[in-house]
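Order-wise, the sequence lines are chains S and L.
Residue numbers are given in this note's numbering: position 122 of the first sequence equals residue 122, and the series is strictly consecutive.
Residue numbers are given in this note's numbering: position 56 of the second sequence equals residue 56, and the series is strictly consecutive.
Don't read these hints as lab results, they were simulated from the structure.
This one's a predicted model, so the numbers in the text were calculated from it and none came from an experiment.
Some hints here could point you the wrong way.
Unchecked claim - From the structure, some residues in chain S lie toward chain L, with a derived Cβ separation under 10 Å:
| hint | residue |
| --- | --- |
| 1 | Leu113 |
| 2 | Ala136 |
| 3 | Val179 |
| 4 | Leu209 |
| 5 | Val265 |
What the hints assert, rightly or not - Label-pair ranges, simulated between beta-carbon atoms:
| hint | chain 1 | residue 1 | chain 2 | residue 2 | range |
| --- | --- | --- | --- | --- | --- |
| 6 | L | Ser21 | S | Gly88 | 49 to 59 Å |
| 7 | L | Ser21 | S | Glu106 | 41 to 51 Å |
| 8 | S | Asp121 | L | Ser20 | 49 to 59 Å |
| 9 | S | Glu196 | L | Gly29 | 22 to 32 Å |
Every residue, glycine too, gets a C-beta built ideally from N, C-alpha and C.
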Amino acid sequence: MRTTEAGAAALPIVPFRQFLLKIHSLCNLSCDYCYVYFAADQSWRRRPGVMALDTVRQAVDRIAEHAREHRLPMVRIILHGGEPLLVGKAHLGELLTVVAERLAPEVEVRCSLQSNGTLLDHDFLELLLRHRVGVAVSLDGSPAAHDRHRRFANGRPSHARVAAALRLLNSPCHRELFVGLLCTVDLANDPVETYEALLDFGAPRIDFLLPHGTWEHPPPGLEHREHPPARSPAGAPPDEPTPYAGWLGAAFDRWFDAPRKETRVRMFEEVMSGVLGGAVNTEALGLAPVDLVVVEADGSMEHSDSLKVVGEGAPETGLDIFRHSFSEALATETIRRRQAGLLGLGDVCRGCPLVPVCGGGLYTHRHHRTTGFANPSVYCHDLASFITHVNSRLHTALRHPDGNSEALGAHEHGSHSAREQARDERELDA
Amino acid sequence: MDAPQNSHNSMRLVDISDVSSGLLEAVAGKDTVLGHAVRRHLQERDGSPKTTDVVFDSAL
Numbered sequence: 001m002r003t004t005e006a007g008a009a010a011l012p013i014v015p016f017r018q019f020l021l022k023i024h025s026l027c028n029l030s031c032d033y034c035y036v037y038f039a040a041d042q043s044w045r046r047r048p049g050v051m052a053l054d055t056v057r058q059a060v061d062r063i064a065e066h067a068r069e070h071r072l073p074m075v076r077i078i079l080h081g082g083e084p085l086l087v088g089k090a091h092l093g094e095l096l097t098v099v100a101e102r103l104a105p106e107v108e109v110r111c112s113l114q115s116n117g118t119l120l121d122h123d124f125l126e127l128l129l130r131h132r133v134g135v136a137v138s139l140d141g142s143p144a145a146h147d148r149h150r151r152f153a154n155g156r157p158s159h160a161r162v163a164a165a166l167r168l169l170n171s172p173c174h175r176e177l178f179v180g181l182l183c184t185v186d187l188a189n190d191p192v193e194t195y196e197a198l199l200d201f202g203a204p205r206i207d208f209l210l211p212h213g214t215w216e217h218p219p220p221g222l223e224h225r226e227h228p229p230a231r232s233p234a235g236a237p238p239d240e241p242t243p244y245a246g247w248l249g250a251a252f253d254r255w256f257d258a259p260r261k262e263t264r265v266r267m268f269e270e271v272m273s274g275v276l277g278g279a280v281n282t283e284a285l286g287l288a289p290v291d292l293v294v295v296e297a298d299g300s301m302e303h304s305d306s307l308k309v310v311g312e313g314a315p316e317t318g319l320d321i322f323r324h325s326f327s328e329a330l331a332t333e334t335i336r337r338r339q340a341g342l343l344g345l346g347d348v349c350r351g352c353p354l355v356p357v358c359g360g361g362l363y364t365h366r367h368h369r370t371t372g373f374a375n376p377s378v379y380c381h382d383l384a385s386f387i388t389h390v391n392s393r394l395h396t397a398l399r400h401p402d403g404n405s406e407a408l409g410a411h412e413h414g415s416h417s418a419r420e421q422a423r424d425e426r427e428l429d430a
Numbered sequence: 001m002d003a004p005q006n007s008h009n010s011m012r013l014v015d016i017s018d019v020s021s022g023l024l025e026a027v028a029g030k031d032t033v034l035g036h037a038v039r040r041h042l043q044e045r046d047g048s049p050k051t052t053d054v055v056f057d058s059a060l
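Excised from the complex, chain S in its bound form (with noise of 0.2 Å):
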């Protein structure tokens, strides 16, 4: 990877490492908090429902030229929408032979593909398998958990058919394609029963992800945040409710107390790292540059999509594949900021303590209308409190190697485990 120095700012310039594209824009199931068709931006109104055979040979060749200049030995992409199956297998077979031909012989390619998993079939999955495709589901936990928002447009429950497609993806012949499961956190479910849900279908890895939202229009359960804090969290009054950080404080003990470890678990093992003092590999938390563009239907080249919350217009870049280069889009003022560290953050969070973990948390979720993205998140808190409750079980683990799991647990002192607090405050919500 070649790193050289941007100009007048002299911060580093990573190239791009992850490519996703947006095969499809459309989706079969119209779940109520999609960022894509229910948020601020409505751009997929204009797009091709379908990225056309043409613009996935130029995004390649695009892709393989970064490559060559950047001198990467190895390039992600990730096929996304919209539902990606939704293209069709043949057209999805064209697609990916088009990746086979034109990019895998310049630099290794590592393809996965994120679905709502209700089309996944046999088929699909030979497919897959021919081209080596991970293969990643959106799950949010039990059926009712799940069906509360992933419907089909005509209300119709998901969770059957994405049950039914999971228990294929973990049949021996298509196993190795198993990528993992995404869960979007719900405040209504309970966050151990949650963990246990997507436990049940084998999946290697898990993440879970916070609602989307900004100070402007912050997530459910957080209504009350409507502007950014004026100091890092260490000052926030000793009764602001903290329900994400139960939540995910409640899954966590869960998570970490089992005897043996029995999936990963993408935010909780990024946020042990950071808290140990080592690197966080996540687009949500840590000061790590960004190193991914999106390239939509149409070929235009975008920021991250969770931005389309923020407003219309907010991912674009005004850059598309057929007239620029990747290099281009990585000297847009976003990426240079998204790729700054902490010069890039607000004065609130450059001066917190635990920067160096959450990174000022989701980009998008750093944004108010008055002062742009140079806020903490409006999860802030939560962030704050959650990482607080890791260090703590972790600095107690480390004294207590090989006490079991009740004495270095959360009852150690005595108080309310995260699981009862999270369901104290569910109720309390309720």
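Dock chain L against the given chain S, drawing on the hints supplied.
Showing chain L alone in chain S's frame:
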């Protein structure tokens, strides 16, 4: 939660250098969440290449 809420005003992140190397290696040898975390930490500290890239929020 076991940690008091809003206690991070005096918070220090875990200083793993306070833990003996023998103890760390013993913990790292276990197939537990803590064992994996410590193993990763030791590998990264020893300069092993990163095992993951920065992962996009809405994909795995």
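To see whether the hints hold, each was checked on the structure:
Interface restraint check: S/Leu113 against chain L, minimum CB-CB distance 9 Å, threshold 10 Å, status holds. Below 10 Å, beta-carbon pairs count as interface contacts, and S/Ala136 has one with chain L at about 4 Å; its hint therefore holds. Residue-level restraint check for S/Val179 holds (minimum Cβ-Cβ distance to chain L is 5 Å; threshold 10 Å). This hint holds: S/Leu209 has a C-beta 6 Å from the nearest C-beta of chain L, less than the 10 Å allowed.
Hint on S/Val265 holds. Least Cβ distance to chain L is approximately 8 Å, under the 10 Å limit. For the pair L/Ser21 and S/Gly88, the supplied restraint of 49 to 59 Å holds, since their beta-carbon distance comes to about 56 Å. Against the hinted window of 41 to 51 Å, the Cβ-Cβ separation of L/Ser21 and S/Glu106 comes to about 43 Å, which satisfies the hint. Distance hint check for S/Asp121 and L/Ser20: the Cβ-Cβ separation is about 53 Å, which falls inside the suggested range of 49 to 59 Å.
At about 27 Å, the CB distance of S/Glu196 to L/Gly29 agrees with the hint of 22 to 32 Å.
In summary, the structure agrees with every hint in the numbered list given earlier.
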